[in-house]
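Letter by letter, the chains look like this.
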Amino acid sequence: MSSELSGSVAIHCEGLGKRYRVGQRQRYRALRDTISDTLRAPFRFVRQAFTAPIAGERGPEFLWALKDVSLEVRHGEALGIIGRNGAGKSTLLKILSHITKPTEGQAAIRGRVGTLLEVGTGFHPELTGRENIYLNGAILGMKRREIERRFDEIVEFSECGRFLDTPVKHYSSGMYMRLAFAVAAHLDTEILLVDEVLAVGDAAFQKKCLGKMGDVAHQGRTVLFVSHNLVAVESLCTRAVCLHDGKIAMEGPPNVVASRYLKEWIPSSTEIVYDDIATAPGNEMFRLRRACVRPVNGSRSDLITVRTAFAVEFEYWKLVPHSLFLDVYVYNETGILLFNTASFDEPPNPQGLLRSRIVVPGDLLNNGTHCIKFFVSLGGNHVVFEADDLLVFEVHDASSDLRGPYHGAWPGAVRPFVEWDTECIEARGTNDSKRV
Amino acid sequence: MLTQRNPLGRHHFQHGIRHDFFAYGCCPCAKISVPRSWICNRLIPHAYGSALAIPRRFSGTEKLGRLASHLKLEAHVNNAIETLPRRECPALVITGRSKISWALAVRELWQYRELLYFLVWRDVKVRYKQTVLGLAWAVVQPLFIALTLSLFLGRLAKLPSGGVPYIVFAYTAMVPWQLFASALTDSSNSLVANERLITKVYFPRVVVPMSTVLGGLVDFTVAFAVLIPFLAYYHITPTVTALAAPFFVLLAALISFGAGLWLSALNVQYRDVRYTVGFLIQLWFFLTPVVYPSSVVPEKWRALYGLNPMAGVVEGFRWALLGTGEAPVRLVSVSVLAAALIVVSGFYYFRHMEDTFADVI
Chain E
1 MSSELSGSVA IHCEGLGKRY RVGQRQRYRA LRDTISDTLR APFRFVRQAF TAPIAGERGP
61 EFLWALKDVS LEVRHGEALG IIGRNGAGKS TLLKILSHIT KPTEGQAAIR GRVGTLLEVG
121 TGFHPELTGR ENIYLNGAIL GMKRREIERR FDEIVEFSEC GRFLDTPVKH YSSGMYMRLA
181 FAVAAHLDTE ILLVDEVLAV GDAAFQKKCL GKMGDVAHQG RTVLFVSHNL VAVESLCTRA
241 VCLHDGKIAM EGPPNVVASR YLKEWIPSST EIVYDDIATA PGNEMFRLRR ACVRPVNGSR
301 SDLITVRTAF AVEFEYWKLV PHSLFLDVYV YNETGILLFN TASFDEPPNP QGLLRSRIVV
361 PGDLLNNGTH CIKFFVSLGG NHVVFEADDL LVFEVHDASS DLRGPYHGAW PGAVRPFVEW
421 DTECIEARGT NDSKRV
Chain L
437 MLTQRNPLGR HHFQHGIRHD FFAYGCCPCA KISVPRSWIC NRLIPHAYGS ALAIPRRFSG
497 TEKLGRLASH LKLEAHVNNA IETLPRRECP ALVITGRSKI SWALAVRELW QYRELLYFLV
557 WRDVKVRYKQ TVLGLAWAVV QPLFIALTLS LFLGRLAKLP SGGVPYIVFA YTAMVPWQLF
617 ASALTDSSNS LVANERLITK VYFPRVVVPM STVLGGLVDF TVAFAVLIPF LAYYHITPTV
677 TALAAPFFVL LAALISFGAG LWLSALNVQY RDVRYTVGFL IQLWFFLTPV VYPSSVVPEK
737 WRALYGLNPM AGVVEGFRWA LLGTGEAPVR LVSVSVLAAA LIVVSGFYYF RHMEDTFADV
797 I
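In the order they appear, the protein sequences are chains E and L.
Residue numbering for the first sequence follows our numbering, beginning at 1 and increasing consecutively.
Residue numbering for the second sequence follows our numbering, beginning at 437 and increasing consecutively.
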């Protein structure tokens with residue numbers, strides 16, 4: 001039945017734009033501002049109070065969070081929306097879900113819209129899990145009958161059945177998020193707008209959430225899915241758009257958009273070059289000329305994935321005859337020191353321009369942003385040169401991983417490739433032996 | 437995927453197809469038919485594999501029997517839905533300027549009545565959690581204020597109380613006043629307090645201040661329930677005029693709702709409101725005949741006094757329950773007009789501002 005409709009247009013946007021005053025989200029007018037204005041221009045207060053504060057009407061400090069976005073989504077499509085923070089992804093979802101009005105342009109929507117901009121909206125810490133399921137469901141737009149019908153499913157999904165009658169303020173944060181996501185996941189509307197809600201709970205629950213989102217996307221419902229998890233977008237969505245500075249920068253198959261997005265917009269400094277020995281960082285003993293990180297078998301513009309080995313190179317002027325310690329520290333995005341490696345040039349290398357290179361094997365780092373600290377010393381406490389965050393680079397998730405259908409985040413500081421081997425020791429019955 | 441309601445409640449959708457409202461779909465097997473209303477009420481997904489999809493004219497056992505004979509019930513239901521006459525539905529259009537009409541706004545509010553219910557329920561449940569006295573606070577508060585007032589104003593200042601004991605005079609007025617004051621305080625802060633909801637979910641914003649006023653009515657009910665034995669203790673038996681009391685309660689709720697619409701919307705933009713409300717209510721308290729009878733106001737100004745709509749409420753409520761004096765008709769009618777003005781203008785202002793709430797809050 002839905003097949004005949006699956007081609008029809010669900011969402012049609014034309015020239016959507018949203019303008020905010022800079023800082024508007026944080027700053028509200030204090031009455032004293034208005035009063036001082038009023039003294040200068042009587043009656044303005046009255047006029048102002050009746051004028052909807054359309055963002056950016058006065059003054060030049062406004063910002064187009066979204067500009068000229070035209071988009072068409074068909075029924076049954078799962079559209080991934082990617083882009084950096086502040087690219088306008090959430091603003092787009094807010095407009096489509098009717099929370100805020102566009103400054104210009106229009107959107108037409110056919111079908112009931114469900115919005116998941118956040119999990120656990122409206123959860124009240126004093127209420128029990130059971131009560132919060134009803135409250136949150138009602139807030140998300142579910143009818144009481146719907147909630148009752150799906151109550152058991154929700155409880156089962158959340159794995160919080162034992163604590164159903166405990167106020168959620170006594171829940172662990174993991175349980176809280178699980179319950180919140182469970183309610184949200186059972187919202188069945190024709191169109192679902194989802195904003196980065198998968199990053200909840202522990203790894204096992206994240207897998208479950210991703211699986212659930214996959215079900216939703218493959219059920220033939222219309223999903224707009226905002227995520228930073230590109231691998232999830234690639235596997236869940238049928239099409240993707242990339243927003244940049246409020247505009248649609250590209251559109252197309254998810255894998256194409258994702259890889260172009262990574263190359264063009266991920267902030268990183270994978271190379272630093274100082275040509276002039278006089279201004280290069282360092283001192284009379286050591287000056288840095290160049291530092292760079294790149295895949296071992298490729299150029300700097302190629303992606304480093306969790307599987308690839310990569311090299312870190314340093315070129316520097318050694319200006320003293322004696323030995324120097326070179327130290328490299330690799331940190332992950334949470335600031336955890338993953339490892340440290342050092343070289344001691346004994347016998348001392350000659351003075352002059354030198355190049356040192358380390359190779360980090362593949363299947364070691366987890367995906368995410370990493371940074372490198374470079375440290376030169378004479379041994380002991382005598383620091384010659386020190387640079388925190390000298391290089392910042394991204395290790396990307398590889399979707400062609402041999403780890404089954406799961407595409408979510410893998411917890412842990414490192415992600416070694418571990419061989420799994422399972423063999424049947426003793427079969428139990430014909431049916432069971434197949435499963436083993 | 438079956439039919440669901442559009443959040444705006446304008447039309448019923450089935451993947452963008454609208455059904456005629458009174459249609460009745462029928463499976464070619466002629467055993468299962470689906471009334472349109474079931475689809476509206478979203479019973480159909482629920483009806484899969486249940487007896488609901490069998491027409492009502494069959495009895496329970498028949499339904500079960502037929503259910504057993506319909507192993508592929510789902511297909512039958514789908515067939516029945518297919519036969520419903522359908523046409524393309526108009527899309528919901530979002531633009532910067534357009535507003536839905538008043539009529540649609542009311543329908544939309546009706547659609548969200550369950551949310552309203554749950555918000556009221558939440559407020560009431562949460563309000564007295566982890567308190568020892570619990571709901572008794574709804575009585576203790578006005579009672580103690582009335583006691584204090586009767587001690588200082590009744591005994592010491594010897595304010596007139598229209599022939600009833602001063603404490604009765606004061607408590608009878610405190611009950612509707614407390615409803616008004618707490619509902620106004622809560623509702624003016626309601627939008628800001630529910631900021632997360634406003635910025636993350638869509639629903640008609642008016643639900644939020646409305647729920648706080650309805651929550652206040654729950655407290656009122658408790659305080660009122662205590663009022664009756666309280667009156668009996670002082671040998672005052674309410675007469676038929678007591679039947680008018682609910683009208684004044686409703687009026688008080690409406691006034692606080694109307695003022696709450698104004699203040700909550702203003703509070704989104706100007707946080708000063710939060711600090712002003714307490715002061716405003718205190719001032720209003722002394723402009724309202726709670727601690728003194730309205731008879732202290734000269735006769736010729738009495739109607740004008742009704743421009744404070746709470747004056748009409750308090751005098752009216754007291755008249756209804758205590759039966760003192762004659763009905764304050766003129767005062768009350770002016771108050772009703774003033775209340776209507778507050779509510780209508782509040783609605784206008786709220787509607788005017790509500791689109792910007794999510795951006796400004």
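Bear in mind the hints are in silico, worked out from the structure with no lab data behind them.
A few of these clues could be false.
Stated by the list, open to error - Below, computed lysine to any residue pairings styled on SDA-like, alpha-carbon distance capped at 20 angstroms:
hint : chain 1 : residue 1 : chain 2 : residue 2
1    : E       : 373       : E       : 351
2    : E       : 143       : L       : 544
3    : L       : 736       : L       : 715
4    : E       : 169       : L       : 560
5    : L       : 535       : E       : 169
6    : E       : 143       : L       : 557
7    : L       : 561       : E       : 164
8    : E       : 207       : E       : 228
9    : E       : 318       : E       : 289
10   : E       : 318       : E       : 301
11   : L       : 535       : E       : 172
12   : E       : 67        : L       : 532
13   : E       : 143       : L       : 736
14   : E       : 208       : E       : 172
15   : E       : 373       : E       : 429
16   : L       : 561       : L       : 550
17   : L       : 565       : E       : 166
18   : E       : 67        : E       : 124
19   : E       : 169       : L       : 567
20   : E       : 207       : E       : 173
21   : E       : 143       : L       : 552
22   : L       : 561       : E       : 98
Hint check:
Proximity of residue 373(E) to residue 351(E) is assessed by CA-CA distance (about 23 angstroms); at most 20 angstroms being required, the pair is judged violated. Between the alpha carbons of residue 143(E) and residue 544(L) the distance comes to roughly 14 angstroms, so the proposed pair stays at or under 20 angstroms and holds. Distance restraint check for residue 736(L) and residue 715(L): the Cα-Cα separation of roughly 29 angstroms exceeds the 20 angstroms cut-off, and the hinted pair is therefore not satisfied. A threshold of 20 angstroms between alpha carbons decides the hint, and for residue 169(E) with residue 560(L) the separation of about 18 angstroms falls inside it, so the pair holds.
Taking the CA atoms of residue 535(L) and residue 169(E), the gap is about 39 angstroms. The hint is violated against a cut of 20 angstroms. With a C-alpha separation of about 15 angstroms, the suggested pair residue 143(E) and residue 557(L) falls inside the 20 angstroms cut-off, and the hint holds. With a CA separation close to 16 angstroms, the supplied pair residue 561(L) and residue 164(E) stays within the 20 angstroms bound. Proposed proximity of residue 207(E) and residue 228(E) is supported: the alpha carbons are some 16 angstroms apart, at most 20 angstroms.
At most 20 angstroms may separate the alpha-carbon atoms for a hinted pair to count; residue 318(E) and residue 289(E) meet this at roughly 10 angstroms. Annotation: proposed proximity of residue 318(E) to residue 301(E) is violated, straight-line Cα distance about 29 angstroms (limit 20 angstroms). Of the supplied pair hints, the one linking residue 535(L) and residue 172(E) is violated, its CA atoms being roughly 43 angstroms apart against a limit of 20 angstroms. Distance restraint check for residue 67(E) and residue 532(L): the Cα-Cα separation of roughly 13 angstroms lies within the 20 angstroms cut-off, and the hinted pair is therefore satisfied.
With a CA separation close to 54 angstroms, the supplied pair residue 143(E) and residue 736(L) exceeds the 20 angstroms bound. With a C-alpha separation of about 18 angstroms, the suggested pair residue 208(E) and residue 172(E) falls inside the 20 angstroms cut-off, and the hint holds. Taking the CA atoms of residue 373(E) and residue 429(E), the gap is near 57 angstroms; set against the 20 angstroms cutoff, the hint is violated. Only pairs whose Cα atoms come within 20 angstroms are accepted, and residue 561(L) paired with residue 550(L) is accepted, the gap being roughly 16 angstroms.
Note on residue 565(L) and residue 166(E): the hinted pairing holds, with a Cα-Cα distance of about 13 angstroms set against a maximum of 20 angstroms. Among the hinted pairs, residue 67(E) with residue 124(E) is inconsistent with the structure: their alpha-carbon atoms are about 36 angstroms apart, more than 20 angstroms. Taking the CA atoms of residue 169(E) and residue 567(L), the gap is about 16 angstroms. The hint holds against a cut of 20 angstroms. Distance restraint check for residue 207(E) and residue 173(E): the Cα-Cα separation of roughly 17 angstroms lies within the 20 angstroms cut-off, and the hinted pair is therefore satisfied.
About 12 angstroms separates the Cα atoms of residue 143(E) and residue 552(L), which keeps this hinted pair within 20 angstroms; it holds. A threshold of 20 angstroms between alpha carbons decides the hint, and for residue 561(L) with residue 98(E) the separation of about 29 angstroms lies outside it, so the pair is violated.
In summary, the structure is inconsistent with hints 1, 3, 5, 10, 11, 13, 15, 18, 22 from the numbered list given earlier, while agreeing with the others.
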